[in-house]
Amino acid sequence: MLIEREAITRLQAVAIAVIIAVAVIGGIYYYVIMGPTPTTEEKKIIFTYPFQQIVSTIDPAKATDETSCCAVINMYDPLFFPVKFENGTRKTVPWLVEEWFVSEDGMTYTMKLKEGIKFHDGTELTAEDVAFSMDRMLSIGMGFSYLWEGVLQPGDTEVVDKYTFKFHLRKPYSPFISTLIQLFVVNKKLIMEHLEPGDFGEYGDYGQKYLEDHDAGSGPYKLKSWERGVEIVFEKFDDYWRGWKENSPTEVHCKVILEEATVVTLFKKGELDMTHMWLTPETFEELKQIPGVIVDEDLALQIFHIPMNMKKPPTDNKWFRYAICYAFDYETACELAGGAPQAEGPVPLPVEGHAEDVLVFHRNVTLAQYYLNKSGYKPGEVTIDIVYITAVELERKICLLLKSNLEEIGIGVNIIGETWGRLCDLATSPETAPHLSCIYDRMKTLHPDSHTYGKYHSSVQGTWRSISWMENSTIDSILEQARATADPEEALELYKEAQRLITYEAPAIFVFNNIHRIAMHDWVKGYVDPGIMSFDLYWWNLEIIGRD
Amino acid sequence: MSRAVLEAGISESTLKYKLEDLRRAWYRFKKNKLSIAGLSIILFVVFMAIAAPYISPYPEDAGAVVKFEQAYQPPSWEHLFGTDEAGRDVLSRVIFGARYSLTLAFVVLTIAVCIGVPLGLIAGLYKGLISDIIMRVTDVFLALPSIVLALAVTVVLSPSLINVMWAMAFGWWPWYTRLVYGEALSVKQEDFVEAAKLLGASKIRIAFKEILPNCISPIIVKITLDMGFVILAGAGLSFLGLGAQPPTPDWGTMMSEGRSHLPTIWWPTVFPGLAVCFTVLGFNLLGDGLRDVLDVEVT
Amino acid sequence: MKYTEYLARRLIMIVFTILGLSILIFFIARVLPGDPARLALGPEASEAQVERLRELLGLNKPLYIQYFDYVLRLIQGDWGLSLLTWRNTLYDILDRLPASIELTTIALGFAVIVGVPIGVLAGVNKDKKTDYISRTFALTGLSFPRFFVGILLQVFVYFCVAQFLDWPISGRIGTKPPVRITGFYLIDSLITGNLRAFVSAVQHIVLPAFTLSLASIAQIARLTRAGIIEQYRKDYILQAKALGIPENLIIYKYMLKNAFTSVLTIIGLLYGFLIGNAFMVETVFVWPGLGYYGVRALLFKDLNAIVGVVITIGIIYAFVNLIVDLLYGYIDPRIRYGEEIR
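Protein chains in written order, with the working numbering: chain A, 1 to 548; chain B, 1 to 299; chain C, 1 to 342.
Treat the hints with caution; some may be incorrect.
[Claimed, not checked] List of simulated lysine to aspartate or glutamate pairs, EDC-like, C-alpha gap at most 20 Å: (1) Lys67/B to Asp161/A; (2) Lys114/A to Asp65/A; (3) Lys268/A to Asp188/C; (4) Lys44/A to Glu246/A; (5) Lys33/B to Asp166/C; (6) Lys67/B to Glu246/A; (7) Lys33/B to Asp131/C.
[Unchecked claim] Covered, in the sense of this in silico footprint (three residues per stretch, anywhere, with C-beta under 8 Å from a C-beta of chain B), are these stretches of chain A: (8) 171-179; (9) 390-400.
For the record, the hints were derived by calculation from the structure and aren't laboratory data.
Note that the Cβ used here is the ideal one computed from N, Cα and C, for glycine as well.
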């Protein structure tokens, strides 16, 4: 034994010494160089928000649903932004753009960018990036690119100098500025460094693969982590061009929570700072009663209406449609919607360009019977179909209400619950489109064009938005004129005229103008809802004061 | 015991023996408490379905009426099961709901049996390509749980009770094919079938006189149990929104309508659900009892 | 010799069945009314955009070409893009498979632990009161629609338990999920020593697993009972009794083992069955598993996801059946060299 212990050779001793030395040095190196740096820890303010559905994409050229757009709005900046002022008016204001002007004929828009705007990787945002972003959106052809269909093609955006660019439109388009709130600028340099092979020639796949998991934006928040279907986390971008308020969130956690009950429970416990807008009106009433909870309520830029198929008997008969419009109990429906105001035509109430003097129906059973008579159909002779979206309870109740109203005057109703996907599919032809459907329609830009031209011009037929299958040459020509008018004031007047003509045709039962509600704890300050989908979830606005 | 008698027999005397057996079976059935309980439950539900307009407190609530002012009232003396989202009496709707569930089960299984049994017979009798094709197709259909198949089909079609019936028949027929095929195979080996063939009996005769009688017991048990499963599956499909549409007082549809207000407003969902359980329990008890009585091995 | 031959034949049959299944579901999915391109692009898309995406997704080619393309890519691991997540469906499915497997395993485990004793009790006391009670109990479990049990439990917990204890009624975990090693929250949280996550995962799995197990308890009980009854008829029992061996010993040492073969087969079958049928429970409890994903895919006409899920379920089902049949053949040598096993 003793002999063996002494028999550790010198070689082994040296080896052991070297190993110990390396370990010690390595440890020092690790701690000093890589270890926690004793700098001033920035105060972490975490904000937690529920998503009612999963985020499908974070690519600004593809996002169209609420949660995806929320991600995009925080990671990227658009050229213009929808803003709600103190007095309630909403306007599209320049955002990345410093100043702009449009040519006499309305075909050329010249814009100058603000200087010194940085992307998350430090590169400066220039006109090159804007042109690249627009071309990218048009080439990929998804997301909101339909806003510029027929108006812009890839290559129509000219880079004049570092901060100036021009849009050369193919035809005059008066809503153009309002659509630029959906043009988010991506980092050209970063994307070009990460191209994969694809269909776009020198641009490969246009960075689609890269943008599946990364952000190439300039927005107030960077993508920190994304566990699909579970949670997406954003972290603050310190060099954001708008600067920062003192108590803005440094980190935002958006959790996917599909069940309303869970959202409410977690919110009450304080684990969520806000709820989303999709809770039922009854739930919001309940939340209002809780001290320390604020429920923000305002008119939304969204109408709920029941479009009628104007190409399928019996709803192709105008007097039949009038009968339906007079039979419906608007008051009860609005009550069911939590006290929402009745809609006036297709354009939501708070929008600049909403026509005040359109034809608005109110329940009048006598008139309903009169018009049914005038239409030539006898009571008890016809049955029509109404489709609603299965998941939406309020729609189902309104269908039950309508069925009861219509059966009173002798029109039979079949209620059918479909999924959203199937309704979109049924909408593609006048034969398959149901007589009546339940549709919420939210504005994607602050302009009446989307709810007039975008729904009732004969060229847009085939989607759920135009499920009325309206085909009216007078309305068509007014809408075309409105789009082509360069002067914005004149254009709005024409849009108002179009609304009057549209409501006169009774293409739908315009039920209510939705109220946007959202609940938050009183430590959340600065929330503002301009009305366009997801733009209220622009986290930069918020400050957390008085939570802990 | 009864099987042994059947198998030994030659056609004419089997009839007399069968009557004997039925009487014996009925005696055993009466002694089996579970089957009696099951039968009573089913008779009660059938009675509910037939007498619905007369025994419901508010029969008009099963239709298109809406009374939103009375919505979501908890169970009380006026409304024993409370009111639902449109103010309708839940008890009345539950009573009317029996009609839809029973009709569904009856129609689905009729279709399934009418398709499945003949196919199984053909596959069993005609060995060869036809038999192989039929059984392979059956295997493919059986590779999926029936409800998944039914789900897939209902999504193709417009949601309605009728389409749900077709979809479920689509998912249920293969079981009967396989059952009958199995019986046909095992019976084919038996001597008396060989004898019959030698005597020149046609395949159809063999099918009806030898194979089918052996199948009847397991088929009856399976149909009874399946009635319960079909009602369960149907409730599930309606729950997902694919079945009967509002304002039809179908139990599954009612459960789906009440779902968003759980757990605080539980009565529009729980009572129809209990009705489903009660009815299915009846079929299960009856089926289990029958299985014992008819001495059948069916999985 | 015969064993491997049997195995080979079964494997080939499985491939054919899966192929047949894939054709069936592929055509159903394609025939589903609902233009996936339009759905993917969202509500506002114009005709031109939809047409372009249709080209991209190859939806304009004849069906059989689409099918061949699909099978080719399937084998290579490209299961097509899910229209909801824009990712390879295979990854979506692999993401969610552990959740379903975890739920099914716990549920089945519970079903065995409860079902077998009930079955033994019923079998040993055949036709006596205990038999009737346990059978009714088991049958009741079979009579409840699974989703309804889930709802009842949620209501019960909310009204009775939640007042004292903070018990969750939906979701898979309340805290941040543990670091993903196997994908099973219970295992991963233990491995990484994340006790909070473990406790939360256990809390969340109890209700859905119990709900899922209910129907299986009945089936397991029934089979155990039948097995026990059958054993009672056997000669060796008579001999054991004659030799004076205590009743309990007979039951648990000898009979159960022999009766267990049939129970084993049903456990295997139930496993495959539950994975495919768990979607109702997953929907009610918002359990992010394969079933939930499949239902959503069906409702949203996410074609690739639908086909992917169905094929996955089919594969699991087929392989479980195969394993069960093999085990059965292995355990019971009488079957091994016999005729066709169904």
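Hint check:
Between Lys67/B and Asp161/A the alpha-carbon distance is near 67 Å, which puts this suggested pair outside the 20 Å criterion. This hinted pair does not check out: Lys114/A and Asp65/A have alpha carbons roughly 29 Å apart, beyond 20 Å. A hinted pair counts as satisfied when its Cα atoms are at most 20 Å apart, and Lys268/A with Asp188/C does not qualify at roughly 30 Å. Using a Cα cut-off of 20 Å, the hinted pair Lys44/A and Glu246/A holds, with the two alpha carbons roughly 12 Å apart.
For the hint pairing Lys33/B with Asp166/C, the CA-to-CA distance comes to about 43 Å; that exceeds 20 Å, so the pair is violated. Straight-line distance between C-alpha atoms of Lys67/B and Glu246/A comes to about 52 Å, which puts the hinted pair past the 20 Å bound. The hinted pair formed by Lys33/B and Asp131/C meets the criterion: a straight-line CA distance of about 11 Å does not exceed 20 Å. For the region 171-179 of chain A, the assignment as covered by chain B is violated, since 0 residues bring a beta-carbon within under 8 Å of that chain's beta-carbons and 3 are needed.
Given as covered by chain B, the region 390-400 of chain A passes the check, having 7 residues with a CB less than 8 Å from a CB of that chain where 3 are the minimum.
In summary, the numbered hints that this structure violates are 1, 2, 3, 5, 6 and 8.
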